[in-house]
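The listed protein sequences derive, respectively, from chains A and B.
Residue 0 is where the first sequence starts when you use numbering that gives the first Met the number 0, and the numbers rise one by one after that.
Residue 0 is where the second sequence starts when you use numbering that gives the first Met the number 0, and the numbers rise one by one after that.
One thing to keep in mind: the hints can contain errors.
To be verified - Derived lysine-lysine pairs resembling DSSO-like cross-links, with alpha carbons at most 30 Å apart:
id, chain 1, residue 1, chain 2, residue 2
1, B, 3, A, 65
2, A, 10, B, 53
3, A, 33, A, 10
4, A, 10, B, 3
As the list claims (entries may be wrong) - Some chain A residues flagged as far from chain B (calculated, every beta-carbon gap over 12 Å):
id, residue
5, 15
6, 21
7, 47
Keep in mind that the hints were calculated from the coordinates and are not lab data.
For glycine and all other residues, C-beta sits at the position ideal for the given N, C-alpha and C.
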Amino acid sequence: MKVLLVEDDAKLADSIKRGLELEGYAVDVVPDGKKALTRVSLHRDDYDIVILDLMLPSMDGLAVCKEMRAKDITLPVLVLTARSEVESKVNLLLSGADDYLVKPFSFAELSARLQALLRRPHENLPEILEAGDIKLDLGTRRVSRAGTTIPLTLKEFGLLEYFMRHSNQVVNREDILNHLWDFNYVGFSNVVDVHIKNLRRKLGGKSGDGILETVRGIGYRLRA
Amino acid sequence: MLQKQFIENAAHDLRTPLSVIRMNAEMALLSLHEGSELRSTFLGIIEEVDRMSKMLSELVSQAAFSDTQRDQV
Numbered sequence: 000m001k002v003l004l005v006e007d008d009a010k011l012a013d014s015i016k017r018g019l020e021l022e023g024y025a026v027d028v029v030p031d032g033k034k035a036l037t038r039v040s041l042h043r044d045d046y047d048i049v050i051l052d053l054m055l056p057s058m059d060g061l062a063v064c065k066e067m068r069a070k071d072i073t074l075p076v077l078v079l080t081a082r083s084e085v086e087s088k089v090n091l092l093l094s095g096a097d098d099y100l101v102k103p104f105s106f107a108e109l110s111a112r113l114q115a116l117l118r119r120p121h122e123n124l125p126e127i128l129e130a131g132d133i134k135l136d137l138g139t140r141r142v143s144r145a146g147t148t149i150p151l152t153l154k155e156f157g158l159l160e161y162f163m164r165h166s167n168q169v170v171n172r173e174d175i176l177n178h179l180w181d182f183n184y185v186g187f188s189n190v191v192d193v194h195i196k197n198l199r200r201k202l203g204g205k206s207g208d209g210i211l212e213t214v215r216g217i218g219y220r221l222r223a
Numbered sequence: 000m001l002q003k004q005f006i007e008n009a010a011h012d013l014r015t016p017l018s019v020i021r022m023n024a025e026m027a028l029l030s031l032h033e034g035s036e037l038r039s040t041f042l043g044i045i046e047e048v049d050r051m052s053k054m055l056s057e058l059v060s061q062a063a064f065s066d067t068q069r070d071q072v
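Turn these sequences into a full structure, and let the hints steer you where they fit.
Here is the structure:
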């Protein structure tokens with residue numbers, strides 16, 4: 000899961016980024032409204048949600064939100080605002096924001112509201128994804144196969160979640176990198192392969208069942 | 000009118016550092032075990048941040064109110 004955090008206060012941005020990374024999100028911070036708009040227009044598929052501070056240099060947060068909607072970007076947007084007055088809240092919701100939090104907010108609440116926004120429609124509870132005999136519980140962050148719990152690292156969990164949300168689809172390495180690592184990631188491009196190898200090993204399963212298969216020349220696919 | 004604007008801006012600006020303090024305290028709480036003595040320290044910080052937050056809201060309403068009072072004179 001990847002978040003675009005549009006926040007110009009470096010300390011607050013850093014604080015939110017660290018907190019979200021502890022929960023397994025990849026976070027890109029863009030401190031400027033105009034630049035954020037460009038980023039989300041060009042890379043809309045990389046992000047699952049946008050957290051937008053209303054107080055921004057160069058372009059007001061509300062204007063960013065309106066522009067995004069005008070460009071048909073339907074990503075969920077959670078606004079961070081300093082204004083608690085009702086008219087202000089009504090205004091931001093009418094401008095296209097899906098939810099808001101008034102500063103100072105509880106990080107626990109931010110996290111819960113993000114999860115609520117990321118929930119697919121028609122679901123009442125934090126999701127449990129299933130593929131074959133693999134169960135992934137987004138609420139408890141637990142993964143099990145045929146009833147046995149499998150301990151996964153944050154990245155492995157994120158990877159498996161991504162595959163399960165795209166089960167039976169071929170996913171390429173670039174999509175995975177864009178979706179699960181922030182744009183500052185400077186590392187070896189085989190990082191994805193390494194994590195997949197570890198994930199395969201942990202998923203185990205009947206020998207050679209290859210539930211997570213390599214599609215040569217293209218990427219990977221989780222068969223369900 | 001100018002005073003109301005000034006107070007509003009100041010109050011809104013103060014909310015960002017308060018957010019940072021609150022979040023840092025929440026983060027610290029996460030890494031403390033259940034029985035730690037420091038828990039109440041950080042919970043105390045969070046309480047005071049929330050208190051300040053309420054004060055700021057009241058300040059803004061008060062500024063708006065006295066503004067309308069002045070206009071009526």
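Verification of the supplied hints:
no., hint, verdict
1, 3(B) - 65(A), "28 Å, holds"
2, 10(A) - 53(B), "22 Å, holds"
3, 33(A) - 10(A), "20 Å, holds"
4, 10(A) - 3(B), "28 Å, holds"
5, 15, "7 Å, violated"
6, 21, "8 Å, violated"
7, 47, "21 Å, holds"
In this structure, the earlier hints numbered 5 and 6 are contradicted, and the remaining ones agree with it.
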